[in-house]
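Given next are the chains, with one letter for each unit.
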Amino acid sequence: MDLQANTSTDCTVITVRETRIDAACAIQFKDRMRELCKEAAERVILDLGRVDFIDSSGLGAIVASMKMLAPERVLELANPSPKVTKVLRLTRMDSVFTIHEDFASVEPLASRLAG
Amino acid sequence: MMQSTLGPGQRLRNGKAVELEIPSDPLAVRQALARIMEEVSALALAVDAQATVEIVLAEVLNNVVEHACAGLSGRRIAITIAPTPTGLQCQVRDNGRPLPDGALPAGDPPDPACRTPELAEGGFGWLLIRGLARGLRYRRTGGMNVLSFSLDLHTAA
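Top to bottom, those sequences are chains U and P. With the first letter of the first sequence counted as 1, position 98 gets the number 157 in the numbering used here; the numbers rise by one all the way through. With the first letter of the second sequence counted as 1, position 139 gets the number 1120 in the numbering used here; the numbers rise by one all the way through.
Honestly, the hints are just simulated from the structure, not real lab data. Incorrect hints may have been included.
[Claimed, not checked] Chain U residues, not near chain P, derived (Cβ > 10 Å throughout):
(1) S116
(2) T157
(3) E160
[What the hints assert, rightly or not] So the derived label-pair ranges between C-beta atoms look like this:
(4) R76/U / D1006/P: 19 to 27 Å
(5) G996/P / D69/U: 55 to 63 Å
(6) D1082/P / E101/U: 40 to 48 Å
(7) G1104/P / A100/U: 26 to 34 Å
(8) M1018/P / G108/U: 14 to 22 Å
(9) G1104/P / E131/U: 22 to 30 Å
(10) L1024/P / E131/U: 45 to 53 Å
(11) G108/U / H1048/P: 26 to 34 Å
(12) I86/U / V1028/P: 25 to 33 Å
(13) R1120/P / E98/U: 22 to 30 Å
(14) A1027/P / E98/U: 24 to 32 Å
(15) R93/U / D1006/P: 21 to 29 Å
Note that beta-carbon positions come from the ideal geometry of N, C-alpha and C, so glycine has one too.
Extracted from the complex, chain U is given alone in its bound form (with noise of 0.2 Å):
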């Protein structure tokens, strides 16, 4: 599962390398969302500008790092793809998550962590 994190003081931005986040990976993603997150700033932003698909065990490996982060560090997501805004809706999960739309809103902010 390849994910990458950059770290800034206040922030980490985690981007799924990846198409899918689907039921034959999300306990890889799981792992590895474990792994970065014993590192992450006090912000993570979950970018999934590259993942086109979703399913019901890739939102809850997406719950459950929320929740391996809570209370102390908060999870957002960012450029979500029109299934994957789909399934945040169906699930109102988008009530849960502070989401991102707009990929400017998180580019800048990538860029600068990554220079």
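Knowing the structure of chain U, use the given hints to seat chain P on it.
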């Protein structure tokens, strides 16, 4: 986009059903979904309707793998998807265990107001299926689970 040979999507577009049989395995489900979405792509559906197809089939197939067939070896899943005037008629059959109580789970929505530590990590599957599929019917026959439903793809979900 015109295709001169019987490529992906030709069956559905010509009113014929797509049939697949796969082993009960998460990677096989992923491959089957890719194949189905390739077939469905030629129907030129809106992105939202494509999402409906992939979400419902993913959840139905994952349920079979993770519940009906969990821990059982050599189980198979058969999928039939047929075009209808308004969308798709789907049937999924497997030779796993019957549904508990022989009935479909309710799929109650999780309570987003609950505090983070109590927030459920599962139970989203039936919520998605019930929210998107129409005419859900389950029966157990000849040692097989048979789930059928339709997907309305020409109106807003």
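So, going through the hints one by one against the coordinates:
1. For S116/U, the shortest C-beta to C-beta distance to chain P comes to about 6 Å, within the 10 Å cut-off, and the non-interface label is violated.
2. Consistency note on T157/U: stated as away from chain P, and its beta-carbon is indeed over 10 Å from all of that chain's, at 13 Å minimum.
3. No Cβ of chain P approaches the Cβ of E160/U within 10 Å, the least distance being about 15 Å, so the stated non-interface status holds.
4. Separation of R76/U from D1006/P is about 24 Å and conforms to the stated range, judged on CB atoms against 19 to 27 Å.
5. For the hinted restraint 55 to 63 Å between G996/P and D69/U, the CB-CB distance of approximately 57 Å keeps it satisfied.
6. Distance hint for D1082/P and E101/U: a CB-CB separation of about 46 Å, consistent with the stated range 40 to 48 Å.
7. Between G1104/P and A100/U the Cβ separation comes to about 31 Å, which falls inside the hinted range of 26 to 34 Å.
8. Range check, M1018/P to G108/U: about 20 Å between beta-carbon atoms, so the 14 to 22 Å window is met.
9. Distance hint check: the CB atoms of G1104/P and E131/U are about 26 Å apart, consistent with the given range 22 to 30 Å.
10. At about 48 Å, the CB distance of L1024/P to E131/U agrees with the hint of 45 to 53 Å.
11. In this structure, G108/U and H1048/P meet the distance hint of 26 to 34 Å, their C-beta atoms being roughly 32 Å apart.
12. The hinted window of 25 to 33 Å between I86/U and V1028/P holds, with their beta carbons roughly 29 Å apart.
13. Between R1120/P and E98/U, the C-beta spacing of about 51 Å breaks the proposed range 22 to 30 Å.
14. Roughly 41 Å separates the CB atoms of A1027/P and E98/U, a value that falls outside the hinted 24 to 32 Å.
15. At about 25 Å, the CB distance of R93/U to D1006/P agrees with the hint of 21 to 29 Å.
The structure fails hints 1, 13 and 14 (numbered hints given earlier, in ascending order).
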